[in-house]
Amino acid sequence: IARERNLLLRVNNQYRFMSFYRDTKERLDRGEFGRLFYLQAWQNMFHPPAKETNWRNQLKQYVLYEFGTHALDLASFFFEALPTTINAHIPHARPEFESDVLVHASLRFPEERLAVFSFNRITHAPQKYLEMRLDCELASLRISLGGVARCSVEWSGPAGRPVVKAALLKGGEARAEAGGKSRAYSSSARGEFATATASHLRYFLTEMKKPERSIEGAVHAREILKLVFAGYESARTGETVHLGPTAAHAG
1077 IARERNLLLR VNNQYRFMSF YRDTKERLDR GEFGRLFYLQ AWQNMFHPPA KETNWRNQLK
1137 QYVLYEFGTH ALDLASFFFE ALPTTINAHI PHARPEFESD VLVHASLRFP EERLAVFSFN
1197 RITHAPQKYL EMRLDCELAS LRISLGGVAR CSVEWSGPAG RPVVKAALLK GGEARAEAGG
1257 KSRAYSSSAR GEFATATASH LRYFLTEMKK PERSIEGAVH AREILKLVFA GYESARTGET
1317 VHLGPTAAHA G
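According to my numbering, the sequence shown is numbered sequentially starting from 1077.
Treat the hints loosely; a few may be bogus.
Unchecked claim - Distance ranges between label pairs, derived from CB positions:
id : residue 1 : residue 2 : range
1  : 1131      : 1233      : 50 to 58 angstroms
2  : 1170      : 1130      : 18 to 26 angstroms
3  : 1234      : 1165      : 45 to 53 angstroms
4  : 1172      : 1078      : 37 to 45 angstroms
5  : 1131      : 1274      : 19 to 27 angstroms
6  : 1316      : 1292      : 24 to 32 angstroms
7  : 1078      : 1234      : 53 to 61 angstroms
8  : 1318      : 1233      : 47 to 55 angstroms
As the list claims (entries may be wrong) - Below, in silico cross-link-like pairs of lysine-lysine (BS3-like), each with a Cα-Cα straight-line distance of 27 angstroms or less:
id : residue 1 : residue 2
9  : 1101      : 1257
10 : 1204      : 1101
11 : 1257      : 1246
12 : 1246      : 1101
Because the hints were derived from the structure by calculation, they are not lab data. Small disclaimer: the values here were computed from a predicted structure and weren't measured. Quick reminder that beta carbons are idealized off the backbone N, C-alpha and C, glycines included.
Please model the entire structure based on the sequences and the hints provided.
Structure representation (structure tokens):
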């Protein structure tokens, strides 16, 4: 309907507008880290639907549907493609929870690339809102969303003594690791959920001023939803679901 009426339509997959994800994508595009070939993403927390105080506490399709869309969108953002297959496992590890609270999925992307996702909402381990590991030809990248507290002691050759390094960030951080060394190349001291949505909204308003209004962002969001439901189907049947080789919207 939007296409027929030349209306603008977008879905707020706002994570890709956060500074550390956007900066990572720009560096990948410049070839700074070489070719990206493997992506891991995971979430750890104890947060079943009963802990929600809004519409989410009624969801039967919970983690993969409500949260997984953002992680899947980021994977397609970094790979600039949608996956060709998905194989998902959603065990009823805690039978008192009817909805999915533990999800493991592996996805194949074009050009021999792979992504693995693990979302665990019933772990008592320290909370990790969203962690990502991107393995590239020249470096491995670690992107943390949801707060970072880090303290390390390293030997400084020029100073001839140990140097203490500490970081306390409420937003997130992206680091490059290679040759036993680790360096932060992008960080945010504050949370960026609201600012990322604002950036997305500014993009939306700019698009509104154009005579021809693209809805490719909404088309891509619909493909991500298809991917989510393919994941549920894979978990139900125990089979790998094959998807069409559609290019993802990368803007």
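**OP:** Note whether the CB distance of residue 1131 and residue 1274 lies within 19 to 27 angstroms or breaks it.
**Re:** Holds: the Cβ-Cβ distance is about 23 angstroms, inside 19 to 27 angstroms.
Original post:
Does the Cβ pair residue 1131, residue 1233 satisfy 50 to 58 angstroms?
Top reply: For residue 1131 and residue 1233 the Cβ distance comes to about 56 angstroms; the hint holds.
Original post:
Regarding the pair residue 1101 and residue 1257, is the alpha-carbon distance no greater than 27 angstroms?
Top reply: Distance ~21 angstroms between residue 1101 and residue 1257 Cα, so the pair holds.
Original post:
For the pair residue 1078 and residue 1234, does the Cβ-Cβ distance stay inside 53 to 61 angstroms?
Top reply: Taking Cβ atoms as reference, residue 1078 and residue 1234 lie about 59 angstroms apart, which means the hint holds.
Original post:
Do residue 1170 and residue 1130 keep their Cβ atoms within the hinted range of 18 to 26 angstroms?
Top reply: 22 angstroms, holds
Original post:
For the pair residue 1234 and residue 1165, does the Cβ-Cβ distance stay inside 45 to 53 angstroms?
Top reply: Cβ of residue 1234 to Cβ of residue 1165: about 50 angstroms, so the range 45 to 53 angstroms holds.
Original post:
Does the Cβ-Cβ separation between residue 1316 and residue 1292 fall within 24 to 32 angstroms?
Top reply: 28 angstroms, holds
Original post:
Measuring from beta carbon to beta carbon, are residue 1318 and residue 1233 in 47 to 55 angstroms?
Top reply: With Cβ atoms ~53 angstroms apart, the hint holds.
Original post:
If you draw a straight line from the CA of residue 1257 to the CA of residue 1246, is it 27 angstroms or shorter?
Top reply: 24 angstroms, holds
Original post:
When you take the CB atoms of residue 1172 and residue 1078, is the distance between them in 37 to 45 angstroms?
Top reply: 42 angstroms, holds
**OP:** Decide if the proposed pair is consistent with the structure: residue 1246 and residue 1101, CA atoms, cutoff 27 angstroms inclusive.
**Re:** 21 angstroms, holds
Original post:
Are residue 1204 and residue 1101 close enough, with their CA atoms no more than 27 angstroms apart?
Top reply: 22 angstroms, holds
This entry satisfies every hint, going by the numbered hints stated previously.
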